[in-house]
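My request is simple: use the sequences and hints to build the entire structure.
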Amino acid sequence: MSEVSALAQRIDALLPQTQCTKCGYAGCRPYAEAIASGQANYNQCPPGGAEGVARIAKLLGRPVIPLNPENGAERARPRAFIDESLCIGCTLCIQACPVDAIVGAAKQMHTVIEDRCTGCDLCVPPCPVDCIEMIPVTGERTGWNAWSQAQADQARTHFEAHQARLEKDKAEREARLAARAARVAPGTSPAPAAGSADIHTQPAATAGDVPTGAARETQTATTAPAVTDEAAAAAARKQAIIQAALERARQKKAALAAEGLGPKNTENVSASVQAQIDEAEARRKRLGLHDDGGESSPSAPDAGDDTKHRA
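Residue numbers (full-length UniProt numbering): 1 to 311.
Take every hint as true, because none was put in to throw you off.
Label-pair restraints from in silico Cβ distances:
1) Ser148 with Asp100: 17 to 27 Å
2) Gln9 with Arg183: 41 to 51 Å
3) Ala50 with Glu167: 32 to 42 Å
4) Ala231 with Pro66: 55 to 65 Å
5) Glu140 with Glu259: 20 to 30 Å
6) Pro136 with Arg180: 48 to 58 Å
7) Ala150 with Arg183: 47 to 57 Å
8) Ala171 with Ala231: 35 to 45 Å
9) Glu167 with Ala236: 37 to 47 Å
Hints are computed from structural coordinates only; laboratory data are not their basis.
Note that the coordinates shown come from a computational prediction; the quantities given were computed from them, not determined experimentally.
Ideal Cβ placement from N, Cα and C applies to all residues, glycine included.
Right under this line is the structure:
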């Protein structure tokens with residue numbers, strides 16, 4: 001292990017492991033490496049606060065300096081809370097959480113595992129309906145007075161497990177794509193799925209097999225799914241609720257930005273973190289969840305969806 005790597009490991013051990021990216025790096029370890037290599041100052045970690053700066057300064061043999069306000073302010077430890085009456089189950093907050101503290105499924109209400117939440121704020125910006133609130137839970141205790149070494153160690157373990165899962169998912173996805181490409185030789189058609197009949201062995205349809213005229217109309221009427229007026233009305237109500245939540249979120253974020261109180265951890269971030277933000281935004285657009293002042297509306301839910309607006 002090089003001298004810089006060894007120093008980075010010691011610095012990393014002094015960080016709170018919230019993985020909030022407010023320091024401008026993709027996580028605590030990258031920030032520790034930047035400090036060790038002289039690319040970053042040691043006063044850029046708001047969750048660590050003044051005591052965190054003092055700890056690193058002592059290790060480096062440097063003077064204690066104030067926390068850089070551009071990275072945020074020392075504060076009481078917050079915890080994410082999800083308003084189930086507004087949650088639409090888009091899963092964007094799950095993707096953003098660095099310690100897998102949010103659980104849920106697509107179109108189902110999400111919830112926060114309280115003991116896992118590090119208060120990093122990263123789930124707030126991607127939420128298209130502003131249903132996540134960061135609520136202080138440590139009273140007047142801030143920085144390391146609102147956190148413990150045991151909690152930091154646990155957060156690191158959860159973060160490493162999260163990263164390992166992402167790598168495993170990526171490897172499995174690449175393996176599936178490679179296997180699929182190997183099965184399909186250039187200039188040939190894909191092989192039929194397992195369990196399906198070979199298309200070349202199917203008997204050709206005869207004239208008597210093909211419904212014509214009134215018979216075809218009757219077959220279409222009996223096989224097409226019926227969408228009732230009640231289901232359509234429920235879908236319209238659900239879309240209206242989502243659109244109203246989007247508009248409230250847009251107004252709230254605009255007001256916070258005008259006051260200079262918008263999230264700091266989405267500005268001047270590393271390339272890897274920006275890529276995650278861009279990916280989340282692209283997913284929002286694919287889902288039809290545009291936060292553009294109401295010019296676009298979310299895609300209408302399926303008529304068979306649960307009519308509750310937390311679905």
